[in-house]
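K.L.:
Chain by chain, the residues:
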Amino acid sequence: MADTVTKTTPDEPDTTPRAGHEFDTEARKQWKIVLRRFLRHRMAMISLSVLVLIVLAAIVMPWFLPYDHTYTGGGRYEDPGPDHPLGTDNLGRDMLAMLVRGTQFSLLIAVVVAAMATVIGVTLGAVAGLLGGWVDTLFMRLVDLWLIIPQLALVALAASAFGSSWYLVAIALGLFSWMSVARINRGLTLSLANQEFVEAARAMGASNTRIVVKHILPNLTGVITVNATLAVATAVLAEAALSFIGLGVNIPDTSLGLIINNNYAQLELRPWLFWAPFLVIVLISLTVNFIGDGIRDAFDPKQTKVRA
Amino acid sequence: MTTAKTSPSDAAPAGADTGQPLLQVSDLVKSFPVRGKGIIPRTVGQVQAVAGISFDLRAGETLGLVGESGCGKSTTGRAILQLHRPTSGSVRFEGRELVGRTARQLRSVRRDMQIVFQDPYASLNPRWTVNSVVREPLEIHHSSWGDKRIQAKVNNLLELVGLNPEHRNRFPHEFSGGQRQRIGIARALALEPKLLVLDEPVSALDVSVQAGVVNLLEELQQRLNLAYLFVAHDLSIVRHISHRIAVMYLGKIVEIGTRDEVYGRATHPYTQALLSAAPLPDPKAERERQRIVLTGDVPSPVNPPSGCRFRTRCWKAQDICATEEPKLEARGEDGHLSACHFPEVRSRES
Amino acid sequence: MTTTAGDLLTVDNLTVEFPTDDGVVRAVRGVSFTLRQGEVLGVVGESGSGKSVSSMAVMGLLPRSARIGGSIRFRDTEIVGLGQRQLEKLRGNDIAMIFQDPMTSLNPVYTVGWQLSEAYRAHHRVSKKVAWAKAVEALELVGIPQPDRRAAQFPHEFSGGMRQRVVIAMAIINDPTLIIADEPTTALDVTVQAQVLETLLRIRDETSAAIMIITHDLGVVAGMADRVQVMYGGTVVESGQVDAVFEQPRMPYTVGLLGSIPHPDLLGKRLTPIKGAPPSLMNLPPGCAFAPRCPLAGPECDEAEPELVPVGVSGHTSRCLKWDELGGDDDSRELFEHDEIGAVENPASLTQADPELAVVEDVAEVEQRMAREEGSNP
Numbered sequence: 001m002a003d004t005v006t007k008t009t010p011d012e013p014d015t016t017p018r019a020g021h022e023f024d025t026e027a028r029k030q031w032k033i034v035l036r037r038f039l040r041h042r043m044a045m046i047s048l049s050v051l052v053l054i055v056l057a058a059i060v061m062p063w064f065l066p067y068d069h070t071y072t073g074g075g076r077y078e079d080p081g082p083d084h085p086l087g088t089d090n091l092g093r094d095m096l097a098m099l100v101r102g103t104q105f106s107l108l109i110a111v112v113v114a115a116m117a118t119v120i121g122v123t124l125g126a127v128a129g130l131l132g133g134w135v136d137t138l139f140m141r142l143v144d145l146w147l148i149i150p151q152l153a154l155v156a157l158a159a160s161a162f163g164s165s166w167y168l169v170a171i172a173l174g175l176f177s178w179m180s181v182a183r184i185n186r187g188l189t190l191s192l193a194n195q196e197f198v199e200a201a202r203a204m205g206a207s208n209t210r211i212v213v214k215h216i217l218p219n220l221t222g223v224i225t226v227n228a229t230l231a232v233a234t235a236v237l238a239e240a241a242l243s244f245i246g247l248g249v250n251i252p253d254t255s256l257g258l259i260i261n262n263n264y265a266q267l268e269l270r271p272w273l274f275w276a277p278f279l280v281i282v283l284i285s286l287t288v289n290f291i292g293d294g295i296r297d298a299f300d301p302k303q304t305k306v307r308a
Numbered sequence: 001m002t003t004a005k006t007s008p009s010d011a012a013p014a015g016a017d018t019g020q021p022l023l024q025v026s027d028l029v030k031s032f033p034v035r036g037k038g039i040i041p042r043t044v045g046q047v048q049a050v051a052g053i054s055f056d057l058r059a060g061e062t063l064g065l066v067g068e069s070g071c072g073k074s075t076t077g078r079a080i081l082q083l084h085r086p087t088s089g090s091v092r093f094e095g096r097e098l099v100g101r102t103a104r105q106l107r108s109v110r111r112d113m114q115i116v117f118q119d120p121y122a123s124l125n126p127r128w129t130v131n132s133v134v135r136e137p138l139e140i141h142h143s144s145w146g147d148k149r150i151q152a153k154v155n156n157l158l159e160l161v162g163l164n165p166e167h168r169n170r171f172p173h174e175f176s177g178g179q180r181q182r183i184g185i186a187r188a189l190a191l192e193p194k195l196l197v198l199d200e201p202v203s204a205l206d207v208s209v210q211a212g213v214v215n216l217l218e219e220l221q222q223r224l225n226l227a228y229l230f231v232a233h234d235l236s237i238v239r240h241i242s243h244r245i246a247v248m249y250l251g252k253i254v255e256i257g258t259r260d261e262v263y264g265r266a267t268h269p270y271t272q273a274l275l276s277a278a279p280l281p282d283p284k285a286e287r288e289r290q291r292i293v294l295t296g297d298v299p300s301p302v303n304p305p306s307g308c309r310f311r312t313r314c315w316k317a318q319d320i321c322a323t324e325e326p327k328l329e330a331r332g333e334d335g336h337l338s339a340c341h342f343p344e345v346r347s348r349e350s
Numbered sequence: 001m002t003t004t005a006g007d008l009l010t011v012d013n014l015t016v017e018f019p020t021d022d023g024v025v026r027a028v029r030g031v032s033f034t035l036r037q038g039e040v041l042g043v044v045g046e047s048g049s050g051k052s053v054s055s056m057a058v059m060g061l062l063p064r065s066a067r068i069g070g071s072i073r074f075r076d077t078e079i080v081g082l083g084q085r086q087l088e089k090l091r092g093n094d095i096a097m098i099f100q101d102p103m104t105s106l107n108p109v110y111t112v113g114w115q116l117s118e119a120y121r122a123h124h125r126v127s128k129k130v131a132w133a134k135a136v137e138a139l140e141l142v143g144i145p146q147p148d149r150r151a152a153q154f155p156h157e158f159s160g161g162m163r164q165r166v167v168i169a170m171a172i173i174n175d176p177t178l179i180i181a182d183e184p185t186t187a188l189d190v191t192v193q194a195q196v197l198e199t200l201l202r203i204r205d206e207t208s209a210a211i212m213i214i215t216h217d218l219g220v221v222a223g224m225a226d227r228v229q230v231m232y233g234g235t236v237v238e239s240g241q242v243d244a245v246f247e248q249p250r251m252p253y254t255v256g257l258l259g260s261i262p263h264p265d266l267l268g269k270r271l272t273p274i275k276g277a278p279p280s281l282m283n284l285p286p287g288c289a290f291a292p293r294c295p296l297a298g299p300e301c302d303e304a305e306p307e308l309v310p311v312g313v314s315g316h317t318s319r320c321l322k323w324d325e326l327g328g329d330d331d332s333r334e335l336f337e338h339d340e341i342g343a344v345e346n347p348a349s350l351t352q353a354d355p356e357l358a359v360v361e362d363v364a365e366v367e368q369r370m371a372r373e374e375g376s377n378p
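Residue numbers (my numbering), protein chains in the order written: chain A, 1 to 308; chain B, 1 to 350; chain C, 1 to 378.
Some hints here could point you the wrong way.
Below, simulated BS3-like cross-link-like pairs (lysine-lysine); rule was C-alpha separation at most 30 Å, straight line [unchecked claim]:
#	chain 1	residue 1	chain 2	residue 2
1	B	Lys284	C	Lys275
2	B	Lys284	C	Lys129
3	A	Lys214	B	Lys327
4	C	Lys269	B	Lys284
5	C	Lys269	C	Lys322
6	A	Lys32	B	Lys284
7	C	Lys129	C	Lys89
These aren't lab readings, by the way, just hints derived from the structure by calculation. Model, not experiment: these values are computed from the prediction.
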């Protein structure tokens with residue numbers, strides 16, 4: 001083959017030494033469009049600011065608080081006061097310090113879960129969608145199977161076998177949250193794989209790896225990002241639920257769900273002990289959802305221009 | 001005007017001297033499985049989209065492949081490029097068999113055969129700049145070239161198809177349909193192929209723009225000695241661009257011949273009906289002409305009629321048409337190939 | 001515009017605008033025409049010419065965001081500004097519409113007969129039985145064999161051409177006086193297209209309904225229409241009897257359009273496309289919308305949009321200042337001849353945003369300039 005290829009002599013004038021650089025700036029241009037549309041999304045921007053505040057608080061506040069979450073000073077309930085702005089729980093732990101620590105762990109778990117769900121889901125979905133045939137059938141049956149496994153029972157088993165620390169909770173949750181991501185990505189990949197530009201790449205002799213990395217994944221970014229944010233929101237709730245029934249993070253550490261579990265009996269007497277963590281959970285999942293909405297709208301190509 | 005970087009004499013394949021066709025297709029069959037439903041889908045039948053077709057294509061020649069939707073003309077193009085693996089039959093390119101080769105073995109052949117798609121919107125990755133679109137084939141096949149040489153080639157290609165290389169960093173959506181189709185053509189030409197499969201390359205474009213792309217294709221053919229397999233349903237454009245024409249119906253070629261033979265002295269009733277049904281932009285001719293209006297629709301390829309596949313809609317059909325399949329062979333006076341038991345040139349005005 | 005007897009539809013100075021984030025899309029500008037009983041009007045134009053939007057306006061089908069100006073009179077009813085209720089009374093009864101895609105115009109979960117009889121019962125107070133009989137009758141009228149059996153079938157049991165006939169049956173079941181067909185055969189094959197067009201013409205003969213057929217295919221118009229209306233950039237640029245417009249086009253755009261279609265006489269010769277791209281409806285040139293692509297354009301063409309003026313006999317009009325320079329037997333190839341290959345076009349986005357920008361540039365010039373730039377910043 002090699003002898004028939006080069007019909008052209010490389011005598012063209014040297015045109016653009018800066019081509020690569022130019023391409024980068026132009027590629028960024030499209031991201032700029034997406035970013036601009038995102039910045040215009042009011043709910044998403046408000047949500048983003050609130051979420052950033054929460055995250056910053058969770059990271060920075062421990063240094064300024066006089067107590068950490070292991071402090072058990074009084075050993076009994078105390079009402080909110082200058083010493084303990086949100087009071088203490090039955091063991092005398094400072095509620096504000098607990099809340100900060102809990103938020104840290106809840107967010108940490110949520111991010112790990114979202115990352116796992118995205119990586120597993122996107123990989124399986126893209127491979128199944130592109131290869132099709134028996135690989136596709138196998139993977140999708142795997143998803144069906146995974147969906148009918150009683151998740152709670154397995155997590156309970158794992159918790160009793162390995163004890164429960166935050167990363168075990170995260171991994172357990174992550175292993176059970178990739179299925180919808182896989183399904184969505186498989187569907188999208190399937191339709192992308194039938195697009196002519198993918199066929200064109202194939203006609204050029206591009207390998208499957210190249211097609212996935214260069215053609216499919218970039219076109220999935222929008223959906224992947226949206227789903228990842230939604231997975232964060234779901235994971236915060238799921239972790240809270242697990243911890244609430246005692247299968248999640250354990251004492252001495254804490255998470256938002258565990259705080260609620262410890263204090264829901266006080267809903268009548270000391271409502272702030274329940275409402276404070278509850279409010280943080282709702283805020284996190286709400287803001288993350290709105291941010292996801294904003295990202296989805298920003299990526300939506302239909303929003304670009306109306307042509308008659 | 002830049003000089004053509006590849007002069008026709010350079011591009012003419014060595015095989016052309018010996019009279020060997022660039023592409024030889026014989027008894028090509030492509031069937032798709034019909035799957036049932038269930039946990040593990042089972043194949044319950046086969047659809048023959050392409051049911052055994054044969055033709056040759058020479059360097060620098062255009063073969064028009066016409067037919068209605070579902071006749072298998074697009075599948076034929078893809079099966080030749082091995083984008084759809086043929087079920088049986090043979091596709092020989094410069095004498096080498098392509099059917100049954102592995103993806104790796106095909107890679108080197110891919111350089112010589114490229115495809116231009118119908119939809120200039122779907123055939124370009126929307127997230128890529130024009131530059132990266134045209135670069136891609138060069139990066140795959142000429143990774144050793146180095147950035148400078150590849151970039152020079154890309155600029156060259158953009159000029160060749162009538163686009164300003166300065167605009168290479170723009171995205172496909174910034175271009176009009178016709179310009180996008182030119183980008184697709186530049187990409188297909190990047191590897192200096194000898195054969196282009198043109199799958200309805202202008203049917204998605206506005207009328208006033210189609211002509212520009214057709215002109216470009218004709219000029220490129222002359223300059224680069226390209227062979228075209230021009231798949232289309234628009235008879236007037238096929239007539240304009242093709243040297244020879246093959247008419248397909250339900251996965252089979254029913255008539256094949258030179259432009260004048262097929263358009264002037266068609267012997268197959270389906271070809272005649274197709275030609276008479278195409279509307280002409282001329283009110284007088286439209287009023288005067290005798291139109292053959294076929295009854296019914298194309299039958300399902302899952303269960304094609306026995307014998308001649310066209311007999312269910314044919315006004316000439318006799319008993320023999322149901323029992324015996326007419327062979328594609330020389331019939332009539334000029335001896336071009338037609339697959340009809342009762343070939344006859346239709347006497348018609350203009 | 002005065003209404004004379006027999007005028008079914010009178011559109012006067014119709015304007016449709018869509019406000020969007022990026023600006024106002026002026027989809028239809030100052031369109032006026034009349035349609036008489038039993039007449040077939042062909043509306044031709046390329047994508048973005050406003051041909052579909054104007055027909056949607058007649059049907060009252062435009063989205064709420066659209067700003068509509070001017071007047072559309074159907075018999076004695078003004079359609080612009082009409083309430084939803086009154087529109088529904090007209091729609092499907094006096095005015096019927098046939099859409100491009102027969103698959104999406106039929107509901108897949110109901111039988112064809114049921115959908116047809118519902119369409120009839122929407123405007124007639126009759127029993128289901130009577131309506132069903134009417135449905136079968138309509139199917140027979142559009143040439144569907146065994147209509148009584150076919151009526152009990154679902155849309156997916158029909159082939160493409162048959163489905164489009166069902167859509168036509170649905171359109172004519174209430175004996176409309178005006179049928180608007182928006183690209184009715186674009187999704188169909190040539191041999192089936194011939195059948196459907198024939199059906200439409202037969203229905204015109206039998207019911208004397210007026211037909212407004214919107215298409216990009218000049219061949220369809222030539223074979224079907226009595227009068228033709230060529231649209232470009234949101235407005236009518238030429239209209240008249242089919243013979244007059246096709247034989248003696250008086251607008252360079254029409255000349256270019258006709259010249260860019262391959263024709264047996266042009267075998268072995270180059271086709272003559274119209275250079276450049278249609279204008280953006282958001283950013284129209286100040287003068288004639290076609291001026292940036294027109295070979296005849298002079299400075300006067302950029303000053304103001306020309307009026308639609310009568311040119312010759314029987315209502316032939318053209319929106320061109322230089323219509324009399326087009327004799328009719330001009331060779332469109334000479335008119336539109338330009339060196340296209342080797343000439344470089346700018347992206348559509350550039351030429352549309354700024355019509356003043358040079359559309360054609362020489363490769364040699366580009367190369368020189370690039371070389372200069374290379375030299376100046378190494």
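K.L.:
Hints the structure violates: just list their numbers, smallest first.
P.N.:
Violated hints: 2, 3, 6; rest satisfied.
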